[in-house]
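Here the protein sequences line up with chains A and B, keeping their order. First residue of the first sequence: 10, per the working numbering; consecutive thereafter. First residue of the second sequence: 2, per the working numbering; consecutive thereafter.
There may be inaccurate statements among the hints.
Here are a few chain A residues that face chain B, going by a calculated C-beta distance under 10 Å [stated by the list, open to error]:
id, residue
1, V13
2, G37
3, Y42
4, E53
5, Y57
6, Q59
7, D65
8, S67
9, F74
10, A97
11, L100
12, S104
13, T110
14, F114
15, G115
Using 35 Å as the maximum straight-line C-alpha spacing, the simulated DSBU-like pairs for lysine-lysine come out as follows [said to hold, decoys possible]:
id, chain 1, residue 1, chain 2, residue 2
16, B, K68, A, K24
17, B, K68, A, K66
18, A, K20, B, K68
Note that these hints are calculated values from the structure, not bench results. The structure presented is a predicted model; accordingly, all values stated were derived computationally and were not measured. Every residue gets a Cβ at the ideal spot worked out from N, C-alpha and C, and that includes glycine.
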Amino acid sequence: GAGVSQSPSNKVTEKGKDVELRCDPISGHTALYWYRQSLGQGLEFLIYFQGNSAPDKSGLPSDRFSAERTGGSVSTLTIQRTQQEDSAVYLCASSPPGGPTEAFFGQGTRLTVV
Amino acid sequence: GEDVEQSLFLSVREGDSSVINCTYTDSSSTYLYWYKQEPGAGLQLLTYIFSNMDMKQDQRLTVLLNKKDKHLSLRIADTQTGDSAIYFCAEKSRLNYGGSQGNLIFGKGTKLSVKP
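With these hints in hand, go ahead and build the complete structure from the sequences.
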C-alpha cells in the first residue's frame with residue numbers, strides 16, 4: 010500500500026491477556042518507530058528501529074513490552090499480561106534514510122484493556 | 002536524556018496570529034519538526050527546520066529557531082478555524098547515533114483552538 014498500515018485498528022482485550030500489534034511500514038523505509046498516545050496525552054516514545062542496527066528500546070515502559078522487526082520490514086509490538094493502564098492508541102511511523110526525513114504515521118491501533 | 006516541552010493549550014480568534022512555543026534539550030539535534038494532528042486523524046508533517054537555520058517561512062507558517070536557548074516556535078498567520086488541531090514539536094535526537102540518524106522525540110502537543 011501507499012502508506013503505513015497498522016492492524017488491527019481496534020483491539021479490546023481482557024486484563025492479563027497478551028496482545029500483538031502489527032505495523033507494515035512504507036517499502037524502502039529503514040527507520041520504524043512505535044509511540045503510545047494516551048487520551049489527552051502526547052506521544053510517548055516506545056522503540057526505534059534503524060536498518061540493521063540494534064533497536065533503541067529505551068522508551069519501553071516495562072518488560073511486558075517487546076517489539077521485533079523481521080527482515081527490516083514488518084514490525085510487531087507485543088504486550089504481555091496487559092493492564093488497564095496499557096489502554097491507549099499505539100502509533101507506528103516509518104521514514105526513509107538520511108536527511109530531514111519525514112516520519113509517516115499509520116492510523117494507529119486503539120487498545121482497550123477491560 | 003532527551004526532552005521536548007510545549008504548553009498544552011492555546012486559544013486565538015480567527016484572523017489573529019498564533020504562536021506555539023517549544024523547548025528541547027538535545028543540542029546535537031539535526032532537525033526540528035512541527036507535526037499537526039487533526040481530530041480523529043493521524044499525525045502529518047507541517048514543516049521542519051535544519052539546526053543551522055534560524056528561520057524558515059512557508060506560506061502562512063514561520064518557524065523560528067533559537068539554538069542557543071534551544072527554543073523553537075511556530076507562527077501561523079491569519080489563523081483559520083481549520084487550523085484547530087494539536088501541534089507537536091519534535092526533535093531528531095542524535096544522542097547515541099551517527100550521521101543524520103536519530104530518534105524522533107515528540108513534545109506532548111499544544112491544542113490550538115480557533116474561535117470565530
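35 Å limit on alpha-carbon distance, applied to hinted pair B:K68 and A:K66: 28 Å, holds
Evaluation of the interface hint that places A:S67 against chain B, nearest CB under 10 Å: 8 Å, holds
Per the CB criterion, is A:Y57 less than 10 Å away from chain B? 5 Å, holds
Holds or violated: A:K20 and B:K68, Cα atoms, limit 35 Å. 42 Å, violated
Could you check if A:T110 really has its C-beta closer than 10 Å to a C-beta on chain B? 8 Å, holds
Should the interface hint for A:V13 be scored as holding, given a Cβ-Cβ cut-off of 10 Å against chain B? At about 9 Å, which falls below the 10 Å cut-off, the nearest Cβ of chain B leaves the hint on A:V13 intact, so it holds.
Does the nearest C-beta of chain B fall within a distance shorter than 10 Å of the C-beta of A:G37? 16 Å, violated
Should the hint that A:F74 touches chain B count as held when the rule is a Cβ pair under 10 Å? Since chain B brings no Cβ nearer than about 17 Å to A:F74, farther than 10 Å, the hint is violated.
Is the interface hint satisfied for A:S104? The criterion is a beta-carbon contact with chain B at less than 10 Å. 8 Å, holds
Quick check on the hint: A:Q59 CB to chain B CB, less than 10 Å? Holds. Min distance 5 Å.
Under 10 Å is the threshold here; is the Cβ of A:L100 close enough to any Cβ of chain B for the hint to stand? At about 7 Å, which falls below the 10 Å cut-off, the nearest Cβ of chain B leaves the hint on A:L100 intact, so it holds.
How about A:F114: closest beta carbon in chain B under 10 Å, or not? For A:F114, the interface hint holds, since the closest Cβ of chain B sits about 4 Å away, which is under 10 Å.
Violated hints, listed in ascending order, are 2, 9, 10, 16, 18; each of the other numbered hints is respected by the structure.
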